[in-house]
Amino acid sequence: MIPSNFPGVLGILPFLFLTPLASAASLEGVTPGQVRMVWKGDTSTTATLSWTTAEKGRKHRVKLRAEGDDDWTTVACQRSGQFGGTLPIEQRPFFHHARLTGLEPATKYQIVCQSDQKASREYFFLTAPTKEEPVAVLFGGDSRSGLDARKKVNRMIARMVAEQSAAGRPAILAFVHGGDYIVDGRKLEQWLVWLTDHELTIGGNGRLLPIIPARGNHDLGPLFNEIFDFPKRDGNYYATDLGPEVRLATLNTEVAAAGDQRKWLASELSDERWDHRWYFCQYHRPAFPAVKFPSSALTSWVPLFEEHHVDLVCEADGHNIKRTPPIKGTKVDPTGVVYIGEGGLGVGHRVPITSRWYLQETAEHCSAGHHLHLLTFSAERLNVRVIRLGGKVFDEFALLPRQAPEKTAVVVQPGSRERELEAVSQ
Amino acid sequence: MQSDSPYRSLAPLRWILRIGLAVQCAGHAYWLALGGMSPLMSLFWGQRDTGGLALSETTALGIEAGFAWFFAAAALIVLVRPWRGVLLAIAGCQLLLVTAMWRTGQGFALDLSAIPVGSWSPGVAWVASLLPFAAHLARVALPLVLLLVERSLPGGLSRMAEWTARVAIACTFAAHGLEAVQHNFEFINMLIVSSRHSMSEGMATRLLTAIGAIDLLVALLVVSRRIHSVAWYMAFWGLVTALARISLLGWSGGWFHAASRAAHFVLPLMLAFWWNLDRSARRTVE
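Residue numbers (this note's numbering), protein chains in the order written: chain A, 10 to 435; chain B, -10 to 275.
No lab work stands behind these hints: they were computed from the structure. Check the hints yourself; a few may be wrong.
[As the list claims (entries may be wrong)] Computed footprint of chain A on chain B; a stretch qualifies when at least three of its residues, placed anywhere within it, have a C-beta under 8 Å from a C-beta of chain A:
| id | stretch |
| --- | --- |
| 1 | 20 to 26 |
| 2 | 31 to 42 |
| 3 | 161 to 169 |
The beta-carbon is built from N, C-alpha and C at its ideal position, and this holds for glycine as well.
Based on the sequences and whatever the hints tell you, model everything.
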């Protein structure tokens, strides 16, 4: 008897057998391939440049120089190793991470990856500014399935970065990825295909767009940390500065949201929120989903977002285009937080359930389809634009900067202990 | 004659199972009726590379709604008259749900690096991928146990009914025990949120290790010997862990999650009840 999913099984066969060959074909010997840049922390002076080689090699380093300089500086890779994962050991390539520090802010750096005697082409990237100027980032998620669409979106990213620059608009500094890169994060063969596809985001002129990665529910296992240069047992939640006035918290819905991570977020927001005009967050599984159940973010993080007046929250996982109205205390409130999402970098799409209370007001701004969010931060506004695959703008809105609450009133009443009151002004 | 049977008071046992199954079906009906959030959606709509069948979203939602209606009707039917066909169909639907989870890679993924044989062995990985079947076995077994009980009364519970319940609840507790020992982060969230964030993550992790060890122990004991206190403990803990979903997600977001786990406390409750009655009946006969 032929099983009902027989055609499906046949359809998977070429994928199973061709994937490792296709990914291996892009790597040869110690020639650097799958070049990528990862951003965490202070992006005006640091960055991690990573690449892959088929063979182990002995000496892996980066040559870099600021544009206009004659001399190249050489930085040795601090971390190299063979990928783990499901492939036989002889088929597993090698990762190399060079952590670049002491960079000049707002500077164009030319770079060449070198493994033994083999060198990559010349690439360049931009460091974030330390003086306030408008900056932009792309946000998206869910590139795990729909590989043809994923490639198209990646090419669109490269085009957008180039066009933004050519048009004199604020530079797109980074690609904020909300997670679910591949179907099964334990399968190296899938990661290798993703890494090869990710190179399509590199412009024809060699412009590298740094990625700021969040972990998704499909990104299981240790390979995520090997690919993006996180420590072996890292929680994958961290903050990233994108200039002096923009800060991003990347959270991880695939570890406990309520424990240490919540403490970290509370401390991070308390310390950093009002040192930056714009503060936004990203993570994978939504607190206000358009099609699925709310994640633990709802109970553990949303109260903190509201308490500290986060400007925008980027979510993924639901495979649709979503924008909520400002939400505070589980109701629509103009002083609340806007949530956008939910991942459209290749994966098949769902129609948002706009009858949910938090999508009723913004139903016309929700849809299905592959897309990217372009976030542009300036002194006056945070502009959010949803761009469909093909370039058509589906949605656009702006947020105004919030005012920091006044921490003033210290009331001392006779016979009672001192109480500090926080007057929250909007 | 039924009235002369030492097992004549077994009728309440049947009602424990019928009410438990009705609650479980009601939970599933509501969950599926919400539309597009169950493993069935992942199975029917999901793309082929994720184990899905790549049907259209409308078709997949329609199928899911059909299952929701079936569970709603089944919840009523088992209370009125638990027909054999309906009970078998409920078990089949439960099995389909867990198969959908397994096929689309949902549920907790065991960390095989913690197991000495290592993740390199495809056989070990495949066996580990079957964890959802073990975790959900009590839900699949509940209608079957009711069917066996209906057929075995009034002459006492058949060995088949008792052993189906014992093995199913043992597998469910063992699977959850493994998840707890490996510190499933959803369980850590549940502990911390239930404590209103007063518990540290370190404390929750240690507590979870202990909970997992106890789960594994009682799973072993329930298939080894008739220990009444073990069955009572499992019923109590099954209820507590089901209700924990309400503490984590609130009543409106959590009641159906709790209800769909009714088998986790109903089956051990039935065992505890039956073992008590059987002991009393044997003493009476002696």
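For each hint, the structure was consulted:
no.	hint	result
1	20 to 26	holds (count 3)
2	31 to 42	holds (count 7)
3	161 to 169	violated (count 0)
The structure fails hint 3 only (numbered hints given earlier).
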